[in-house]
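S.K.: Each chain, letter by letter, is given below.
Number of protein chains: 4
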Amino acid sequence: MEKPYPTQNWTDDDHFHDECGVVGVFGHPEASNLAYLGLYALQHRGQESAGIVSADEGRLHAHRGMGRVAEVFGSREIARLPGTQAIGHVRYSTAGGSVLQNTQPVFINYRHGSFSVGHNGNLVNAQELRYRLEQEGAIFHTDMDTEVIVHLLARVSGNDAGERLSAALKQVSGAYSLVCLTETRLIGVRDPMGFRPLVLGRLIDSGGFVLASETCALDLMGAEFVRDVAPGEMIIISVDGIESRQPFAPAGRRMCVFEYIYFARPDSVLDGIHVYSVRKRIGHVLAQLHPREADMVVPVPDSGVAAAMGYAEASGLPFELGLIRNHYVGRTFIQPAQRGRDFGVRVKLNAQPDILRGKRVVLVDDSIVRGTTSAKIVHLVRSAGAREIHFLSSSPPTVGPCYYGIDTPDRAQLIAAQHSTEEICKMIGADSLGYLSLNALHEAVGGQEQGFCDACFSNDYPLPVPVTDTGRQLHLIKELR
Amino acid sequence: MEKPYPTQNWTDDDHFHDECGVVGVFGHPEASNLAYLGLYALQHRGQESAGIVSADEGRLHAHRGMGRVAEVFGSREIARLPGTQAIGHVRYSTAGGSVLQNTQPVFINYRHGSFSVGHNGNLVNAQELRYRLEQEGAIFHTDMDTEVIVHLLARVSGNDAGERLSAALKQVSGAYSLVCLTETRLIGVRDPMGFRPLVLGRLIDSGGFVLASETCALDLMGAEFVRDVAPGEMIIISVDGIESRQPFAPAGRRMCVFEYIYFARPDSVLDGIHVYSVRKRIGHVLAQLHPREADMVVPVPDSGVAAAMGYAEASGLPFELGLIRNHYVGRTFIQPAQRGRDFGVRVKLNAQPDILRGKRVVLVDDSIVRGTTSAKIVHLVRSAGAREIHFLSSSPPTVGPCYYGIDTPDRAQLIAAQHSTEEICKMIGADSLGYLSLNALHEAVGGQEQGFCDACFSNDYPLPVPVTDTGRQLHLIKELR
Amino acid sequence: MEKPYPTQNWTDDDHFHDECGVVGVFGHPEASNLAYLGLYALQHRGQESAGIVSADEGRLHAHRGMGRVAEVFGSREIARLPGTQAIGHVRYSTAGGSVLQNTQPVFINYRHGSFSVGHNGNLVNAQELRYRLEQEGAIFHTDMDTEVIVHLLARVSGNDAGERLSAALKQVSGAYSLVCLTETRLIGVRDPMGFRPLVLGRLIDSGGFVLASETCALDLMGAEFVRDVAPGEMIIISVDGIESRQPFAPAGRRMCVFEYIYFARPDSVLDGIHVYSVRKRIGHVLAQLHPREADMVVPVPDSGVAAAMGYAEASGLPFELGLIRNHYVGRTFIQPAQRGRDFGVRVKLNAQPDILRGKRVVLVDDSIVRGTTSAKIVHLVRSAGAREIHFLSSSPPTVGPCYYGIDTPDRAQLIAAQHSTEEICKMIGADSLGYLSLNALHEAVGGQEQGFCDACFSNDYPLPVPVTDTGRQLHLIKELR
Amino acid sequence: MEKPYPTQNWTDDDHFHDECGVVGVFGHPEASNLAYLGLYALQHRGQESAGIVSADEGRLHAHRGMGRVAEVFGSREIARLPGTQAIGHVRYSTAGGSVLQNTQPVFINYRHGSFSVGHNGNLVNAQELRYRLEQEGAIFHTDMDTEVIVHLLARVSGNDAGERLSAALKQVSGAYSLVCLTETRLIGVRDPMGFRPLVLGRLIDSGGFVLASETCALDLMGAEFVRDVAPGEMIIISVDGIESRQPFAPAGRRMCVFEYIYFARPDSVLDGIHVYSVRKRIGHVLAQLHPREADMVVPVPDSGVAAAMGYAEASGLPFELGLIRNHYVGRTFIQPAQRGRDFGVRVKLNAQPDILRGKRVVLVDDSIVRGTTSAKIVHLVRSAGAREIHFLSSSPPTVGPCYYGIDTPDRAQLIAAQHSTEEICKMIGADSLGYLSLNALHEAVGGQEQGFCDACFSNDYPLPVPVTDTGRQLHLIKELR
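Protein chains in written order, with this note's numbering: chain A, 1 to 481; chain B, 1 to 481; chain C, 1 to 481; chain D, 1 to 481.
The reader is advised that the hints may include incorrect statements.
Claimed, not checked - Here are the computed distance ranges between Cβ atoms for each label pair:
(1) D:Gln135 x A:Thr332: 45 to 55 angstroms
(2) C:Gly207 x D:Gly158: 52 to 62 angstroms
(3) A:Thr332 x B:Thr332: 32 to 42 angstroms
Source of the hints: derived by calculation from the structure; they are not laboratory data.
In this text, a Cβ means the ideal position worked out from N, Cα and C, and glycines have one as well.
So that you can see chain A by itself, here it is in the shape it has in the complex (with noise of 0.2 angstroms):
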């Protein structure tokens, strides 16, 4: 019997990681190839797995597979997913909980019919909600937050949908943006401080509504922008139109920031501000900041191309291409024995000798996360001729994990929460080391004012945190995909 090779997997690169995107589709024949086209638009958010509902005739109807979103449907799912309404969700792979069970739109029956759900997010009391709901006798099949949402739906009274779920959700402590879908509403909730963005878009041609995390499923959708859901707002959409509820009580907007940075589309606008431009001005400020005597700008693809843009614009230094990404790459890929410790950023960059030998260069990469990646990196461009290479980045250093939705390492293994600039400057290789200051965050944003959620750069959480795990340890069954 043969012995397979050991596989890489891809998803052990050095971000922080976005958990979810998610999309809903009210009035439209097609809602489900709808729904189809906006995770396509937001497959950045996530490639771990995908779903949709959708509603037909007081039935509901879904498909969730693991894979990207061009893998689980064909237009053999699409067609069995009838109905004018849908919702839909991407997930991002995080290396535990990768299996079918914890694919989403969550989708119930219960007394009330049935319901199904999308979250973005992630709830900070979820465990001691879990742990009183079991005690009165709840049932779990997956070990996703968004089930206890569910749970809580199921238990609480009101007259409508939206007015059940409001109650479920005063119960919640965190982050999320949902779609949900009943036999007639589409429902769309935003958490009160608003951690995760979720916009309205109206459909050109039946003028049917569509909610999605980002503006940029808007326009493959082929929906104009109406306006971002607010804060603690929460949107129902039914045959009677759309109405707009304020369930909860008020609570400072603290949209996250590193959404900005890194994890949304360029193209996006969230809450009003163009994240395209705030990288640019992200590089004029890092020039400002951290002015270098060098040949040329040289971005970490893709994700550092418009901070160092900003930066190549504000310096008048040269912007030139010294790293080439492949973006052929796939989930994995099949390592020889022996390679050196930087082949798996080889795999999806190159490094340019022709352009680098003998230069000193400004490195721009988003951000410096355990520092192993960029490690490699420096090593890379080192390895093609770099004479002198000076690396920023376009976030502040990264000091505390995140609790409300994105996928971060402990503490513990947070470069910048254990080491001055000069430790992480000479540990990386690189010959200087800049960040951008949390001020200069704020300022390329648009100024604090806005309300912002940077406690990863500054250790400051709007809400109070879980307690770390008492001992009880969650064991989900595990099934296979």
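Using the hints provided, position chains B, C and D relative to the given structure of chain A.
M.R.: Showing chains B, C and D alone in chain A's frame:
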């Protein structure tokens, strides 16, 4: 784009169908592999889907899929189901709910940890329990009655898993042979009337225990028969040994008599009665009840073989394989346009003119349900040149649907519930038609005092059957495979 | 990384194995669907791979794949094989060359257009022809002898496809029943000695023609039997009608006698002889040759059933199904460690202690090849309590390998070529052992004058067999599935 | 039955397309894994199919499949391709012949053993050679011109594989960069004019050799660049070392100039010329040829990026990413009914109104082929609010189809072959349109004296092109995937 041809589904054959087979293993280093072999031997009880859940170091592992055991499980899947205890389940392909969600074993997380259950049978009060549970806030992921059991389990109290399971089962009414798995225990339960079979065996090599729907599974698992689980008995197997409990009030034993006629494998012994011998005795009795002037006895293979052998033995007529069965048929086949009405039968059975031409034939089949297939078979045999066809059914007329775990048509579709034997004889085109009598059936299985459920022949239902649906329709969200 | 469990291969059973089945259809709007049904009925002749080639508007369309007919062909594949003529092929799973390349029908483009052929049989001079062709510049894509035929075809001249095919076949020696397809013609050929069967039928609905290895395929295709293709006959079917040619010098008919004993389906009639009746007659003769004091006759299912019935009839002993076969076995199964030596047999067959305990059993199987399986079966029956086991083989001792299209072990592995009947009886653990005699076999099939090849029993080879490989090894490039 | 939705095929984009990439490895214990990595890096040269053939102990092993490298090869497939030498091939998805049969490397058995070849390029006399070969009795399994080469090889004589291959190639005319594998040798050949690239590298760890279409593959395989294989050179690598032969009469070097404009990866260096630098120089030249009063330079990503950067540098205009590319698109997508005419482009590209609104834009793309995509992109940019759009093509007008290995439309579909620049400008809806001139292109690649094929821009074909098909149509038997 090519238009796919229409595909015929095999499951459309005209038999009653068993709904499930179950196995359990405790105390063997290759528990999931043994469970797989047990399901292999029980494959005749269900070909729609298969699943195994194993327990290893306090954690449950699951794999379930659509299709036969050999399709769902390869060596890779078995290797991913570690541990020394496991349960398994095969399910029959019913027309409607043939979806991935409805595969078993069911598994959940709840306040006492993890729990998994495989169920053979059917609850008669599932709908009302489900309604009550939903009112109390329960959410449902499937339309299986088994899900009601786990919801009840999560709401009762008790000192151990066995006590809690007893408390839950006291609320349900119906037929159930269950195998259950917790992190540390294998539990087998048979409902108070013992509608469906369940046997206990002991592994020859490891000394561990197994449970299975039929003894034929023991043989392949390498276990020797210990005894039948008694109606109303709960058997709890742990590292502390094996314990028997009697949690329910005594009720008369009412084992399903159809298991002996058709469902069970002929080499199984259920509640002390050898299936093959029953079928041969039925043949003997048929020969007394319905002697015929004929040239040969021909079985409809495979289910009519043993009874036909018995008839031949008792009558002295030659036994001939006038119908040959193709054992390589898959679950579906592609039929050209304009084939005759008996084409579906022809794909499975071929009549031999060299044997049948000009002959008077006693044709023995296990039962006549709707009558459609019987008519096709008679036509097939007639086309091959048989001069006279005397059709004998090795069961009494089927006049009532089953509510205890067998898939049967509505009463309106049961030909014997609507028509006299003379009418049926004419409808299926036979020269004469004879049924086994109910008394003779009792005699063949060893006497009425044994306690059987024969409601499908007698309309004598041991447990109240559910009132016709009160208008509240189950609308399960439909997930594609 | 999980270590997959070892997988056992079913094809390891101890029988001679037929290598192929072929069908052809001309003149039906759903030709590929009929070819599919024909292969369905011939599935017993080969389960490794299946393929169909159809002709439509002067163009050939092909689909071939590994696995059974129902796995390789769905409605989509059939829909992509348009046209009113088609040929099909099923192939037996040999251990070595089980690769996609070796699937049939073979199809090529050459100077006269397109040509496709399905082959049942084996050429004895393939190696030397291949050597000569390679010297002349031919390139080979497979290790099938059939590829030699198409190379010869491309090099000969002739006025039409039939003449060219005749010219090519005059150079080959061996066993072949061929179905061939050109853009406009269906051609069937049987080698001069007619080693392998081939029958002609007429479609009842369209009036078109079909060819098939056995008559059982005609029944399912909706065709009536016209006649056997004669040894040495070529049948050419086109829109101009059907033409018969006799391109070869006359040679005595030498139809494979093992077809009647084991390969063919019992309901087939080959060269005018009904297979099932032969098997029953063999049972009668066995009873005369080997009368036994016994309590019952038990067949090894399914191949021993008819002969056992014949033995029971002639001897007056009861016929009992002491071994039950599991018809749900897939091509492989996963075996736990440390199972007994007869485990492989146990997966397919279960012995019934309730029938066998304390009994003297006449056990009838079709043949004894290596003896390994026979020993396991005897052990199985003994373990179930049989007091005496009298093993009868419904064929004579197999003393020679086949070179004409049957997969057999080397002579060194044929137990009867190396050991006396007494020794074999001891080796398989039986109380007595009896073989059919060669004379009795001839009698059962209707007399020697019919002309059979019985080389595997007599070492009388009608055609010179290839000299042992002269050291030149075929090194086919191995392509993964 | 559900009607599947129509699926759009991505390959319909309006570019010339390279037909293949090749790699070869000799002298490394993980040769097939290195070949896999090489193909990974060459994935941009073909996404239709991928294949690897390895040689181990005198035997070749092959695996080929439809799809991208990461889809066709997993660790299991690589493990089944043992040996220290291997070749690999990726193929572009052309509309018609996208079938499993046409995957490469081709491999055969012939009188000298086994032989495998991967081919990048196109033969101009393949049809007439095939006709001649068929007359001589050759049979063809594919419609690839590469099959002609192996037929010739099987018919010539010579003292070793190199001599035979030379003798075969002397009969062909056209473009070919070949990697060939025998049981003991890796051979690389480049046609006398060197139309397609081929480079030689040395493995850093094992000292073995590699061949590849582009240098970017060397980097990932862990090899250092040795030199380009010269036009007309044959390199034979065996355990005896590396040998260079010049089997062909000298001919002027005519490397494909389009490799530099579009096909090759920017980080590759081909025949000593760095692709990225050529593209930037083209941008510089474009700025001199076509100065525009504008607010920004916007590339059509990814192929227009480097030229746009060059234009921005030379012109002093800001460089902006006004179009954002979605890199997660699969090979197909499902389009709802009634989407606008530019929908196909929208799935890949999104225009940023926040950047483009009210602006005068210089839009840089690599070429204009049919003009259809260019019109859609102009429309997209205009819809995002651009005030003026000045379209610049970084190649000269494409006026002639390619016969040397590039997939191009017929001349009748080449917009520049039919229309003036003014007409094209109007047809694509731009405010102005500028092409690179042929002279400027020569300047950018380093001067005409280098020797390029620019027939698609100049109609100056270095080799006679095939006369239009003489009515003899190739009717390949079509095998389904």
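S.K.: Take the hints in turn and mark each one as holding or not.
M.R.: Results for each hint:
no.: 1; hint: D:Gln135 x A:Thr332: 45 to 55 angstroms; result: holds (49 angstroms)
no.: 2; hint: C:Gly207 x D:Gly158: 52 to 62 angstroms; result: holds (57 angstroms)
no.: 3; hint: A:Thr332 x B:Thr332: 32 to 42 angstroms; result: holds (34 angstroms)
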